[in-house]
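Number of protein chains: 2
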Amino acid sequence: MSGFEHLFNPRAIAVIGASPEANRPGAQTIRALQERGYAGGVYPVNPKYDQIAGLRCYAAIKDVPSPCDIAVIALPAALVPDMVAECGRHGLRFVVVFGGGFRESGPEGQAREAAMVKAAREHGVRIIGPNCLGLVNVHSRAYAAFGSLARAPYLQPGSVSAVIQSGGFGNSLVIRCATAGIGFRQVVASGSESDLSAPELIEAMVDDPGTRLILMYMEGVSDGRRLVAVAERALAAGKPIVVWKAGNSEQGVKAAASHTANMTGSYDIYRAAFRQCGIVQVHEMEEAIDCVQCLLAYLDRPAGDDVAIMGGSGGSAVVFSDAADEFGIRLSTLAPATLALLQKVLPNTASLENPVDYAAGFITDANTPRFRTAVNAVLADAAVHQLGVLFATTTGEQARNGATVLAEAVKKHNKPVFTFLSVPRETMGGGMEILEQAAIPILPSPGRVVKAMHVLAEYQRARKKTRTPIGDRPASIGKRYAPGTASEHESKEILKTFGIPVTSDRLLPAASVSAAQLADIVFPVALKIVSRDIPHKSEIGGVRLNIRDAAELSAAADEMLKSVRAAAPTAKLDGLLASPMIVDGVETIVGVVNDSVFGPVVAFGLGGIFAETLKDVTYRLAPFELETAQEMIAELRAAPILAGARGRPPADVAGLAQTLVAVSRLAWEMREALEEMDINPLLVRPAGLGVVAVDALLRFR
Amino acid sequence: MSGFEHLFNPRAIAVIGASPEANRPGAQTIRALQERGYAGGVYPVNPKYDQIAGLRCYAAIKDVPSPCDIAVIALPAALVPDMVAECGRHGLRFVVVFGGGFRESGPEGQAREAAMVKAAREHGVRIIGPNCLGLVNVHSRAYAAFGSLARAPYLQPGSVSAVIQSGGFGNSLVIRCATAGIGFRQVVASGSESDLSAPELIEAMVDDPGTRLILMYMEGVSDGRRLVAVAERALAAGKPIVVWKAGNSEQGVKAAASHTANMTGSYDIYRAAFRQCGIVQVHEMEEAIDCVQCLLAYLDRPAGDDVAIMGGSGGSAVVFSDAADEFGIRLSTLAPATLALLQKVLPNTASLENPVDYAAGFITDANTPRFRTAVNAVLADAAVHQLGVLFATTTGEQARNGATVLAEAVKKHNKPVFTFLSVPRETMGGGMEILEQAAIPILPSPGRVVKAMHVLAEYQRARKKTRTPIGDRPASIGKRYAPGTASEHESKEILKTFGIPVTSDRLLPAASVSAAQLADIVFPVALKIVSRDIPHKSEIGGVRLNIRDAAELSAAADEMLKSVRAAAPTAKLDGLLASPMIVDGVETIVGVVNDSVFGPVVAFGLGGIFAETLKDVTYRLAPFELETAQEMIAELRAAPILAGARGRPPADVAGLAQTLVAVSRLAWEMREALEEMDINPLLVRPAGLGVVAVDALLRFR
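In order, the protein sequences belong to chains A and B.
Residue numbers for the first sequence follow the working numbering, beginning at 1076 and rising by one.
Residue numbers for the second sequence follow the working numbering, beginning at 1076 and rising by one.
Hint data in this document are derived by calculation from the structure and do not stem from the laboratory.
In this text the structure is predicted, and so the values were computed from the model without any measurement.
Certain hints may be false.
Said to hold, decoys possible - With a cut-off of at most 20 Å between alpha-carbon atoms, the simulated EDC-like pairs for lysine to aspartate or glutamate come out as follows:
{"no.": "1", "chain 1": "A", "residue 1": "Lys1137", "chain 2": "A", "residue 2": "Glu1161"}
{"no.": "2", "chain 1": "B", "residue 1": "Lys1690", "chain 2": "A", "residue 2": "Asp1397"}
{"no.": "3", "chain 1": "B", "residue 1": "Lys1690", "chain 2": "A", "residue 2": "Asp1400"}
{"no.": "4", "chain 1": "A", "residue 1": "Lys1540", "chain 2": "A", "residue 2": "Glu1700"}
{"no.": "5", "chain 1": "A", "residue 1": "Lys1690", "chain 2": "B", "residue 2": "Glu1401"}
{"no.": "6", "chain 1": "A", "residue 1": "Lys1690", "chain 2": "B", "residue 2": "Asp1400"}
{"no.": "7", "chain 1": "B", "residue 1": "Lys1540", "chain 2": "B", "residue 2": "Asp1375"}
{"no.": "8", "chain 1": "A", "residue 1": "Lys1193", "chain 2": "A", "residue 2": "Asp1157"}
{"no.": "9", "chain 1": "B", "residue 1": "Lys1612", "chain 2": "B", "residue 2": "Asp1633"}
{"no.": "10", "chain 1": "A", "residue 1": "Lys1690", "chain 2": "B", "residue 2": "Asp1691"}
{"no.": "11", "chain 1": "B", "residue 1": "Lys1690", "chain 2": "A", "residue 2": "Asp1691"}
{"no.": "12", "chain 1": "B", "residue 1": "Lys1690", "chain 2": "A", "residue 2": "Glu1710"}
{"no.": "13", "chain 1": "B", "residue 1": "Lys1193", "chain 2": "B", "residue 2": "Glu1275"}
{"no.": "14", "chain 1": "A", "residue 1": "Lys1647", "chain 2": "A", "residue 2": "Asp1608"}
{"no.": "15", "chain 1": "A", "residue 1": "Lys1690", "chain 2": "B", "residue 2": "Asp1397"}
{"no.": "16", "chain 1": "A", "residue 1": "Lys1690", "chain 2": "B", "residue 2": "Glu1710"}
{"no.": "17", "chain 1": "B", "residue 1": "Lys1690", "chain 2": "A", "residue 2": "Glu1401"}
{"no.": "18", "chain 1": "A", "residue 1": "Lys1690", "chain 2": "A", "residue 2": "Asp1343"}
{"no.": "19", "chain 1": "A", "residue 1": "Lys1193", "chain 2": "A", "residue 2": "Glu1275"}
{"no.": "20", "chain 1": "B", "residue 1": "Lys1123", "chain 2": "B", "residue 2": "Glu1096"}
Next up, chain A with everything else stripped away, as it sits in the complex:
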């Protein structure tokens, strides 16, 4: 818990700026602590009062008894920096600053914030906030909070901890989960995060033995790699992080004006990061609730994409199948032995093949042993990773019987079991309570059963994936490159050192060459000017394609030098590049952006209009392994083109994946030097022939 145990479980809480006025934030904190029966010390601090809310009020923080682990500061911003220092001097390690008036309020506020953070660093104090609702430990009823975090509806204790970056909406998410029956442990509204950041708080929650799952409302983080490192730890610990990321329509990180960089939207990078480190992203309240409930229910069970469904409602199975197609959930083929058992116990009108339809009205008292046999047979089938029972409108005795059978079965089989039910609790003859006690998720639509199964399967897949940690590693190639854009030739030489195939170019001097000197070149070739000072070659006559022989090349060289010298008289010319023409490849674009939040990121898309016009681009944080590269390729909408559309041979996707991995290694190793990189095009040749970078530019900072 690396020192956070006293933040999450404070022995006493001081409230600086306490007030007898009930609406003031400090008063709200004290009221919550008293009403909820917090067992630790509560110390109002305000020189104006002797007593507040029946408690002794202290004139200053130095008068407060020790140990006191948290001071809530409910003072005007101007007084906060000194108060933080005073708290530190008195041995407090954590303060919660409720109010605003810091960097969001102009230059004066910025100075105040800097002073506050400086005081905190100097005195060994960590700050929650400012501009936040504070935090709550639900188990110990420690409310260092105000506003909606410190009033009804109060949370019930449980194993979910939450970090919320907006008090109002984040707590809406928490409350909606709580209303659905989810219990909480720590809830921290992190506010402006002047000191303690969301990743650090999540890390403390990963270390907290009582936390099994972390819920987050996120608008953004300043250190993306820290978030990733923490998420990797959480994944290793088997504690899912469920994130609602908002603010996605914002411009985000300003990327440099190159081709690839223009394709980069920061939300795309967040999504890539989440995917890479197993963070579960949600976009709606119900989705968040389902995710949290179903992950908690079956964290320790293996879960795959092959599932069975059983029910008495054909329509529900149809709706399930529609959603299953969308989420890659497959209806397993049941084993002959399973089908034989089903045939023995289910009625004639039943449909035995998955989806198993046992016919509406089947689960009478008399038929319950048969239903039990059927459920156990399906769950025992090795082809079935998860089971959904679509009870739909089942009520009364049949609901109770069905629930009883599932409650037994879920204990016997180490597989996730879900139910779809559309009827209210009071019509279920106690069936709802039986399912709840067995912790079997009850979902209100077949589609939500599918999504729950999908989330479990994805999370288990993320856990099993072998990966190099990408959260934190030292760069091996530092700032040894001159700032600015490298020439095509230099860029390709660097690519080669990382094993990225480039065209076999011939660098000619920036001078006239006789045809005789060019006899050994394999034609046709393209001729390009080489100069650090000319990033856009073709615009000034610096590119000639399809040169068929040495004589033509010699003439083209003279012409090109003339044209380039006229258009860019000050450019230093490094030479001319004769590059073989390759015509059997699919054009792709591979880029690297050094994102201000997440560091080096690889972007990949198809050339022509796909990446640029249609924004069909995929991103991953560098470095990554082959499996991730394969995912990138597969997730492009234009992926079928690489598979060989319209009579083309399939492209060398294996070689492409290897090259993406190599690019990701380059991006990572060179991250201290590299601003961005652009391979455009990277030609993907027919399977077996590999890929080749035809043009490339690296830009250093």
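Keeping the supplied structure of chain A fixed, place chain B upon it in accordance with the hints.
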């Protein structure tokens, strides 16, 4: 009500096959009628009993007192056809057949079904079912139903009528809506629809004065145009149809093996049809509930895409904005006068520009008059079509105050008002009840407020759209074409008569031509063989491109005739087509499919890999107007290509839209003759230069 009033509001119900065994379907009907207090006559029919459930039991339907409007038939399938006839002879106009055993159970069942329908036609009886849960009139408590339709949870009366094509899942949808507080009028489970079909039932509901909205769970209809015609009537009457369409992953209609037809998936056509006639499609329970509630609340209010939001939670506004971007909902720019008013009444920390942030904790008793002024100012702003107030975690007195102000404002302004609230009823100080009484929708996330606004705006847009009814019109061009594939030349001649631009071709005889005869042709041209018997010309050497002069053309003609005669010796050759080469167009594909459910449908996509490989195709039922054609073009993912990507001039989208309209007219007028049509490619030239069909094939049946 065209005769359906006695189905929907029966004066008496006979239950044929009534039984004293409580679990039997007939017994369930009688129990529901008795328990729920149906005021009409209930007549059990079964020769074995004198009394059932305390009611006189009749030996035969002819003994039952008149008037009796519905007979429920709970008998084995074999007895049903005769019983239908007997009911008809006794003057019953409607029967409900619960059981299965008809066409779904093999040839014997099919014969039984045919006999049943024949009996019904002969005796003037209409059938609900077979294989269905029956129907309920909630207002008159008329249960001609069994299973989940005839037991708790019972529905509350209201203005929503429902047609459900699967009892189990459809009734799940109804029950979930009911649990959310939606009241119902008619609920009909239409079963196998041997006689009465879903469109006919919907039509009866459109005619029912007490029905304001029709909810449907649909797996498919056999007469798509009838559905469309009914939906057009519903739209004109201002009664929304909300549909959950399932079974979308099925193969659907088998389309012929041509190029365009292969792109056709029947679900795409359903979606196109829904969109064209204003049917609101939903995909999840919560979405259905929101849709129904919000449409009912604001059916009569104008609603556009420009909205304002107000709240005290910045995060909620961020989440709203994310969703708004996705659904085309725009945050209005408030007028200076509105901002001036807001500045006067809102606190210093407020953010006045839309999203209006009045700062958390603002709506105290003292501030309520200011909040009222602010809400009215925003609602009075002409730029604001709808208002969302994001209360989020607001509780107690502030929730009550906020609710009170909104309840007053929603009466004063003819604009939709929604709230987002995340706290439970009991913490709201009565605010929830105030909102409910004012019928202001309370939604549990900002995203669901966005979607509700979007649904209203879309529905209003659909109502306002001028359109030619497409549900039903006579075909003007009947079966006067020979079955089979027309040649390219014939096909193009037909296109011309509909005003579809085609290349200015020159038809040459299928014989040697001297260069002199070709002197007036404008080169370059393509040369193509013309034959009804050769649909795939290029495979046998029947196409030559880029012919530069008369001599080359003369030689190519000889060569082509030789090659084609060798490969297809029996083909009747109509000639050779010299066609100008056009190189400045974007390749598109326009197809017509004569769908077995919906009739003539136009498909449109971009050429190359877009339509074929990437399935980027859009569909609409023919005929349609310019606005619909424009929608089709805009909704392609590849649409930016037509707008002029990568330095190309913008393509002639106006000409393209006109041509799509012309194609839709051709598809409609020729529907009795046309099997399918394929224009591939239709070149869209730069703006102002129009479009031109380079190749075209019509196939007749």
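These are the hints, each one checked on the structure:
1. A threshold of 20 Å between alpha carbons decides the hint, and for lysine 1137(A) with glutamate 1161(A) the separation of about 8 Å falls inside it, so the pair holds.
2. Taken as a hint, the lysine 1690(B) and aspartate 1397(A) pair is honoured in the structure, with Cα atoms around 19 Å apart against an allowance of 20 Å.
3. Taking the CA atoms of lysine 1690(B) and aspartate 1400(A), the gap is near 17 Å; set against the 20 Å cutoff, the hint holds.
4. Proposed proximity of lysine 1540(A) and glutamate 1700(A) is supported: the alpha carbons are some 10 Å apart, at most 20 Å.
5. Proposed proximity of lysine 1690(A) and glutamate 1401(B) is supported: the alpha carbons are some 16 Å apart, at most 20 Å.
6. A threshold of 20 Å between alpha carbons decides the hint, and for lysine 1690(A) with aspartate 1400(B) the separation of about 17 Å falls inside it, so the pair holds.
7. Restraint check: the Cα-Cα separation between lysine 1540(B) and aspartate 1375(B) comes to about 16 Å, which is no more than 20 Å; the hinted pair holds.
8. For the hint pairing lysine 1193(A) with aspartate 1157(A), the CA-to-CA distance comes to about 10 Å; that is within 20 Å, so the pair holds.
9. The hinted pair formed by lysine 1612(B) and aspartate 1633(B) meets the criterion: a straight-line CA distance of about 16 Å does not exceed 20 Å.
10. About 15 Å separates the Cα atoms of lysine 1690(A) and aspartate 1691(B), which keeps this hinted pair within 20 Å; it holds.
11. At most 20 Å may separate the alpha-carbon atoms for a hinted pair to count; lysine 1690(B) and aspartate 1691(A) meet this at roughly 15 Å.
12. Straight-line distance between C-alpha atoms of lysine 1690(B) and glutamate 1710(A) comes to about 15 Å, which keeps the hinted pair within the 20 Å bound.
13. Taken as a hint, the lysine 1193(B) and glutamate 1275(B) pair is honoured in the structure, with Cα atoms around 19 Å apart against an allowance of 20 Å.
14. Using a Cα cut-off of 20 Å, the hinted pair lysine 1647(A) and aspartate 1608(A) holds, with the two alpha carbons roughly 7 Å apart.
15. For a cut-off of 20 Å, the pair hint linking lysine 1690(A) to aspartate 1397(B) stands: about 19 Å separates their Cα positions.
16. The suggested pairing of lysine 1690(A) with glutamate 1710(B) holds, with an alpha-carbon distance near 15 Å, which does not exceed 20 Å.
17. A distance of roughly 16 Å separates the Cα atoms of lysine 1690(B) and glutamate 1401(A); the hinted pair therefore holds under the 20 Å criterion.
18. A distance of roughly 11 Å separates the Cα atoms of lysine 1690(A) and aspartate 1343(A); the hinted pair therefore holds under the 20 Å criterion.
19. For the proposed pair lysine 1193(A) and glutamate 1275(A), the alpha carbon gap of about 19 Å is at most 20 Å, so the pair holds.
20. The hinted pair formed by lysine 1123(B) and glutamate 1096(B) meets the criterion: a straight-line CA distance of about 13 Å does not exceed 20 Å.
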